[in-house]
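Visitor: We have chain A already, so just place chains B and C on it with the hints.
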Amino acid sequence: MKRMIVRLSLVLAVTLVAWGTSVNAATLKLAMDADPVSLDPHVQLSAGMLQYAHMVFDPLVRWSKDGGLEPRLAEKWEQINPTTTRFYLRKGVKFHSGNELSADDVVFTLARLKKSEDYKGLFEYFTEAKAVDSHTVDLITREPYGLVLAMATYIFPLDHKFYSGKDEQNGKMKDVIIKTDYSFANFNESGTGPFKVTGREQGVKTTFVRFGDYWDPNTGNVSEIILTPISEPPTRVAALLSGDVDFIMPVPPTDLERVKKTDGLQLVTMSGSRIITFQLNQKRRPEFANAKVRQAMAYAYNNVGVAKKIMKGFATPAAQNSPRGYQGHNAALQPRYDLARAKELMKEAGYEKGFSCTMIAPNNRYVNDAKIAQAFVTMMSKIKIKVTLKTMPKAQYWDQYDAQVADIQMIGWHSDTEDSANFFEYLNMCPDKETGRGQYNSGNYCNPEVDRLTLAANGETDNAKRSVMLRSIEQILFDDAAFIPLHWQNLSWASKKNMNTEEIINVMNFPYFGDLNIQ
Amino acid sequence: MINFLRRLRSSDFSYYFFRDPIALVSFAVLLVLVVAAFSAPLIAPHNPYDPTTIDIMDSELPPAWAAEGSRNFLLGTDDMGRGMFSTMLYGMRISIIIGLGAVLLQAMIGIVVGLLSGYIKRLDSILMRIADVQLSFSTYMIAIFIGATFQMVFGVANYEKIAAPLLILIIGLAEWPQYARTVRASVLAERQKEYIEAARVIGLSKVRIMWRHILPNTLSPVLVISTVQVANAIMSEAALSFLGLGMPQNKPSLGSLITSGFEYIFSGSWWITIFPGILLVTLILVINLLGDWVRDYLNPKLYKG
Amino acid sequence: MFAFTVRRVAQAVLVMLIISLIGFSIKHNFGDPVRELVGERVTPQERQQIRDQLGLNDPFMVQYGRFLKSAVHGDLGRSFFFKKPVTEVILAKAPATLELVFCASLIVILLSVPLGIYSAIHPRRLLSRLIMGVSIVGVSMPVFLTAILLIYIFSVELGWLPSFGRGETVQLFGFWDSGLLTRDGLRHLLMPSVALSSIMLPLFIRLIRSEMMEVLETEYVKFAWAKGLRPRRVWYVHAFKNTLLPVITVGGVQLGIMVAFTILTETVFQWQGMGSMFIESVERADTALMVSYIVVVGFIFVVVNTLVDLIYGLVNPTVRIAGRK
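Protein chains in written order, with my numbering: chain A, 39 to 557; chain B, 2 to 306; chain C, 372 to 696.
For the record, the hints were derived by calculation from the structure and aren't laboratory data. Watch out, some of these pointers could steer you wrong.
So, partial list: chain C residues that the calculated Cβ filter (under 8 angstroms) puts toward chain A [unchecked claim]: (1) Ile397; (2) Lys398; (3) Phe401; (4) Asp403; (5) Arg406; (6) Leu408; (7) Val413; (8) Thr414; (9) Ile519; (10) Ile522; (11) Tyr523; (12) Ser526; (13) Ala597; (14) Gly599; (15) Glu651; (16) Val653.
Listed next, the in silico SDA-like pairs over lysine to any residue satisfying Cα-Cα at most 25 angstroms (straight line) [said to hold, decoys possible]: (17) Lys152(A) with Gln416(C); (18) Lys381(A) with Asn48(B); (19) Lys212(A) with Gln424(C); (20) Lys534(A) with Leu532(C); (21) Lys350(A) with Ser12(B); (22) Lys212(A) with Asp423(C); (23) Lys440(C) with Leu388(C); (24) Lys440(C) with Ile216(A); (25) Lys210(A) with Leu425(C); (26) Lys122(B) with Arg378(C); (27) Lys129(A) with His173(A); (28) Lys299(A) with Asn544(A); (29) Lys168(A) with Val186(A).
This one's a predicted model, so the numbers in the text were calculated from it and none came from an experiment. Glycine included, each C-beta is placed from N, C-alpha and C at the ideal position.
Chain A with its partners taken away, still in its complex shape (with noise of 0.2 angstroms):
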């Protein structure tokens, strides 16, 4: 017994010395929502993995603050034909494994882009990408495609030398993308980034250390990275308040004017691009059919209101699905809460005493999702439409979406490709199986002139005339009130006063560690 105390006691000695003095100024102790699924960047289209990727790979261009596209392992580049642009790859570039960044590295990484399950829909334009020579590789597109450069930004160079041959634990190619088991992508990385994963421990912790090898000299001085997930948002920024992190994200509404007013901290909010709408099902509710309830149901939605009281402000009240800066994005188009004309026109429809429907909503999926829904129950009973509302967790809820299982249902989304076409094709393209489109359509509202005109768009390569032509669509499901738009989730980071949080994020929400600078 004797022994076992003086042997604790040398251990907490031990750990003692060793905590007073690892004190180290540009280690970053980061806390987020989640961690990455896996260290191969083509595993999951998601924001989660893009986050990362962002530390551990560089894309050959990256969008900046502004929202227009910065050069990283593209020094520059050029169309060279309707169908070809050109990107010339800065020259020096190590990847982790010490191997150098070359033409055949692109080459390889959209050859594996177009075999992941997640990335071959957005690849899909492409055809392949053509080595020139040792520092110059062309993208080559079926047919003239407007968002090359866009998609450049999802192009993060994996290093095939690393990813080739055969793994000994499985008996596979490294290369090769499994979701679920083990593969060796999804366990060891080689990208150009800033950061080296060092230590991970899935749902614990991962840990980044600086490549040293690094070609961007203009960057942050963060020598290591401890990501933690905190799922609960509370525990999240209590962790901030009490100091033992450095920075968080997401931050919820309800505590922003919090980390706002503490001393030490700060908090940078953007207005974000992710749409939350509320779809009304014309096939399971006849009277959505008719314009003229949806229009009521539109003008009766507060959209001010919820993003002011529901969101804390954290939300831009919208009335369509681009925001601003999409070319799609329609500037006449206002949130027209009037809860008069909404009455009227319920009277013009013939529903001047109301009805009853059913309403579903997630629950962990959107920011406040719960609560918007219930809101919205709200307001709609003072139009006498009295909504049956059931809210459950996501992992439930997409099932019950697709089922369409009650006549008004939430959806929230991200256009990935940075361009108003992509919420048309997903969101308000009549559905249909065959070709994809309007697979996220639950209100099953269809117009052939929506269609007509998101397709003449996608072959438009001229900026203008696509501008004019995706702003039309807009007004048509503003006027037709295809959906009810609620507001653009805005993005939050907060951060320790003593770092540059302000310059290293983005409407994208990926935020650029590499750059972190702590004083």
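Guide: Below, chains B and C alone, put in the same frame as chain A:
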């Protein structure tokens, strides 16, 4: 009726009851709370379940005495713009119904299973293992499963109507094994005693022995558990709403109100967290103090020995 | 004794089989695991393909048969999310939960025994009433609220204790990550254990008090008094010893149930144990992990109950353990 009251007044029960100030106060408080909860539609200034009366622009108003408070809402409003006072009264009613209902169901299943497995050897193993299986499927999983099944049968439209009975069923089904094991333990202890031997010798039936002789003597631990279990059942509902599986959003129970307090802990809107918390603690406290008192009273040896 | 053990082992296996069968038959209610694996723009057809590859579209009996077959070899399947065998995941997470439950039980026992005895000996004193009253506050607050309040007071306002996670751990025996041996680990352990014990404490205090009061009225305690023994001896040796029996039976099960209660505590404290793993597996419809967790919990219940029955038999020789004739 008058006769009964007269008898009650002269009984030991009331004698001890009126001599114990804590029991008296607890009972009075409980009475006030229960009456307030069940006459909520009469007392409450607003009907929080009627969406037409709610305005989102009223949300998160502080209590009436604070600088920005509104006279309309004595204890302030919650995130939806419902008056806290009215919502708490309505919510307490649901919580009491769920708490009592679930405990009643648990106790019924648990006592029957516990008696059978304690007294009839052949059934013991199988019943106790069923209890183990049941316990492994925590309330959480049962809630998802039963919730999904019922939605398939009744559809989304009837969801609000069946939500409360559904939660009683879920919590009742999920937590009966605790009763069963407790009752079984006391039955095992009781069945060794002489009076049971005696009852068996004079040829009483098994049912009669179990029901009339063993059961009354196991009630003391059952009572101890019950008062705590009422609290637990209300907590289970709160926990389910924390996980997104509780009462519907627009019919909050006291538990779900407290759940929303979780989000508001750092926000400065303290009334959203504190008031339902105080009410719930008071409710549970008086139930348990009364429970303790009844237990002491029911244990005849203590006072009359 | 041997026959008893064999029988219980057989029962444990049966319980686990039944649990896995039920778990398998209801797992589709928890959502589509593929949905959680892919991004939103993957088409329904592609999702179907992935489901086919994973064998999720096979008939129920085929899937269950496959599960049983590999379970015989100790393989309970693979977690989609962790991309590892579930046994590996659960083994890695179990120490966190067991240490948490252990510490919470320690707090419960250390507090409930003296408080319970005191309030049984002096049932009408103000302090006893206070003990009973205050203890109930713990149970009348949802554990997630207790947890966040603790964090608010001790981490955010006072800055005394860390707000989340397990802190520094030391690996023992090659697989057990223990937080009990470092100062940092213990500091992290404190608040979660207190939060978890707050639910069980009032029940234990009440149980001990109620049983003890009953024992104090029995003949042999009266006899002990009559013999002129000192009060301390009567209370602690004669009376308390006999209180233990029911406390063990009910309490043992409650401690088992505590494993299930860790779910919320772990979630709020971001404590990486089996509880939060389970919640996440349900949220991601990671069915293999989910089913394995309940099978493991079922096993724990059978073991705890067997131990309780054994101790019960040892402490009270008049109760015959089934099978020892």
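Visitor: Could you run down the list of hints and mark each one as holding or not?
Guide: Right, here's what the structure says about each hint:
1. Ile397: 12 angstroms, violated
2. Lys398: 12 angstroms, violated
3. Phe401: This hint holds: phenylalanine 401(C) lies near chain A, its Cβ roughly 6 angstroms from the closest one there, short of 8 angstroms.
4. Asp403: Result: holds, 6 angstroms to nearest chain A Cβ.
5. Arg406: 5 angstroms, holds
6. Leu408: With a closest approach of 5 angstroms, the leucine 408(C) hint holds.
7. Val413: 6 angstroms, holds
8. Thr414: With Cβ-Cβ at 5 angstroms, under 8 angstroms, it holds.
9. Ile519: Since chain A brings a Cβ to about 5 angstroms from isoleucine 519(C), closer than 8 angstroms, the hint holds.
10. Ile522: 5 angstroms, holds
11. Tyr523: 7 angstroms, holds
12. Ser526: Cβ of serine 526(C) sits 4 angstroms from chain A, so the hint holds.
13. Ala597: With a minimum Cβ separation of about 41 angstroms from chain A (threshold 8 angstroms), the hint on alanine 597(C) is violated.
14. Gly599: The hint is violated - glycine 599(C) has no Cβ within 8 angstroms of chain A, the shortest such distance being about 38 angstroms.
15. Glu651: For glutamate 651(C), the interface hint holds, since the closest Cβ of chain A sits about 7 angstroms away, which is under 8 angstroms.
16. Val653: Holds, because the Cβ-Cβ distance from valine 653(C) to chain A comes to roughly 7 angstroms (cut-off 8 angstroms).
17. Lys152(A) with Gln416(C): 17 angstroms, holds
18. Lys381(A) with Asn48(B): Holds - the C-alpha atoms of asparagine 48(B) and lysine 381(A) are around 23 angstroms apart, at most 25 angstroms.
19. Lys212(A) with Gln424(C): 20 angstroms, holds
20. Lys534(A) with Leu532(C): 19 angstroms, holds
21. Lys350(A) with Ser12(B): Answer violated: lysine 350(A) to serine 12(B) is near 60 angstroms, above 25 angstroms.
22. Lys212(A) with Asp423(C): Measuring from Cα to Cα gives roughly 23 angstroms; hence the hint holds.
23. Lys440(C) with Leu388(C): 12 angstroms, holds
24. Lys440(C) with Ile216(A): With a Cα-Cα distance of about 24 angstroms, the restraint between lysine 440(C) and isoleucine 216(A) holds, given a limit of 25 angstroms.
25. Lys210(A) with Leu425(C): With Cα atoms ~17 angstroms apart, lysine 210(A) and leucine 425(C) stay inside 25 angstroms; holds.
26. Lys122(B) with Arg378(C): Holds, at roughly 14 angstroms.
27. Lys129(A) with His173(A): 7 angstroms, holds
28. Lys299(A) with Asn544(A): OK: lysine 299(A) and asparagine 544(A) at ~23 angstroms, within 25 angstroms.
29. Lys168(A) with Val186(A): 15 angstroms, holds
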